[in-house]
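This is what each chain is made of:
Number of protein chains: 2
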Amino acid sequence: MKLYDMELSGNCYKIRLFCALLGLQFQSVTVDLMRGEHKQPAILQLNPRGQIPVLDDGGIIVWDSLAILTYLARKYGNEQWLPLAAEPLARVMQWLALSENELLYGLARARAVKKFKRPWDLSQCQEHGKQGLAALEQQLNGRLWLADEHPTLADIACYPYVALAPEGDMVLDEYPQIRAWLSRIQVLPGYIGMPGI
Amino acid sequence: MKLYDMELSGNCYKIRLFCALLGLQFQSVTVDLMRGEHKQPAILQLNPRGQIPVLDDGGIIVWDSLAILTYLARKYGNEQWLPLAAEPLARVMQWLALSENELLYGLARARAVKKFKRPWDLSQCQEHGKQGLAALEQQLNGRLWLADEHPTLADIACYPYVALAPEGDMVLDEYPQIRAWLSRIQVLPGYIGMPGI
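Top line first, the protein sequences correspond to chains A and B. Residue numbering for the first sequence follows the working numbering, beginning at 342 and increasing consecutively. Residue numbering for the second sequence follows the working numbering, beginning at 342 and increasing consecutively.
Treat the hints with care, since some could be wrong.
Any copy, or any two copies together, can satisfy a pair, since identical chains are not distinguished.
Said to hold, decoys possible - Keeping only pairs whose Cα atoms sit at most 25 angstroms apart, straight-line, the calculated DMTMM-like set for lysine to aspartate or glutamate is:
(1) K343 with D462
(2) K343 with D514
(3) K455 with D489
(4) K455 with E420
(5) K416 with D462
(6) K343 with E478
(7) K458 with E490
(8) K458 with E478
(9) K343 with E490
(10) K456 with E508
(11) K456 with E420
(12) K456 with E515
(13) K416 with E468
(14) K455 with D398
(15) K416 with D489
Quick caveat, the hints were computed from the structure, so don't treat them as lab data.
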């Protein structure tokens, strides 16, 4: 299994983290976003969006972190990570959606403005991110995990850009439930970190 | 079944359209976004994000359009709409992710700037939206549907904000494959439209 990857990408880290928790081995192929390698033919022929992560699992190509997470859960995980019944599946999907919205366009973009000089409006991104943090803090009040009694893909998908939020000048001091949840993820068997966390 | 809904919301329309294709009846409860009703306690107690759509299916509350689509597909649809095997599931999820990224933060935001005077950078949104349109156009070259040999949730999730793109000053003239795909969706049995399409 091959992962087109970059160390500082939170979306790539989601996949590395989930593989580590599942005990899956893969070969990491570094794609240098700073040099625009993701917009070169080698990546574009795998992913029409010109983004990473991209997974190559014995010739099965999957792009997009959300799609790769669900692929790995179904192929190598179990229903703990991605339940199939309508209601628990919807619970997981709600937080996967939050990870693609408030967390990606809020927290991750704020981080990208500060860290990679991207051209977005920092305060708009931070404000959007805060809405996501507020929803997470409320959900985790009295719960250990976001979508079920145990960790699911929801926790894996939301974790990276929340943990990286301070790199976008977002402080987590006022979110005690979130901080406790980050700590719980960090002691899951197999857990790995990334620079900035 | 009750849907907290607004006629002009493309995300709400995704749910109305999918219910129509499945032949599901529901009661539409209008939430007036212009008057901020989605940030009032009645909605906030259902959805911590303060957004619509929200589904109430006999007391089971599901928020977020992506989560509601997967809920309805699993509960009332069949695997045609949301396959469960790893690889076809990943194919559907790829385009669901595109619908939450380039289409929502590109096309839908461009529309919201033009139509609802939202404060985002129009050209940034349009540029982001174009990347999504380019990926769709490439995927639909030689294919009838996005993720399989038949319509799936991928098509339902991507359709609304592509069809509404002209309201964000995006012309679809240079995307013949997309225009043919829009027409195919519009003749699916049970299809309904919305204002602007």
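Now for the hints, and whether the structure bears them out:
1. K343 with D462: neither (35 angstroms within a copy, 37 angstroms between copies)
2. K343 with D514: So K343 and D514 fail the 25 angstroms test inside a copy (38 angstroms) and across (38 angstroms) alike.
3. K455 with D489: neither (34 angstroms within a copy, 40 angstroms between copies)
4. K455 with E420: Neither, since 38 angstroms and 43 angstroms both go past 25 angstroms.
5. K416 with D462: neither (39 angstroms within a copy, 40 angstroms between copies)
6. K343 with E478: neither (35 angstroms within a copy, 27 angstroms between copies)
7. K458 with E490: neither (39 angstroms within a copy, 42 angstroms between copies)
8. K458 with E478: neither (29 angstroms within a copy, 30 angstroms between copies)
9. K343 with E490: Close neither inside one copy (32 angstroms) nor across copies (27 angstroms); limit 25 angstroms.
10. K456 with E508: within (7 angstroms within a copy, 34 angstroms between copies)
11. K456 with E420: For K456 and E420, the Cα distance exceeds 25 angstroms both inside one copy (37 angstroms) and across copies (42 angstroms).
12. K456 with E515: within (23 angstroms within a copy, 36 angstroms between copies)
13. K416 with E468: neither (37 angstroms within a copy, 35 angstroms between copies)
14. K455 with D398: For K455 and D398, neither the intra-copy (34 angstroms) nor the inter-copy (43 angstroms) Cα distance is at most 25 angstroms.
15. K416 with D489: Result: close both inside a copy and across copies, 20 angstroms intra and 19 angstroms inter.
Consistency note: the structure conflicts with the earlier hints numbered 1, 2, 3, 4, 5, 6, 7, 8, 9, 11, 13, 14.
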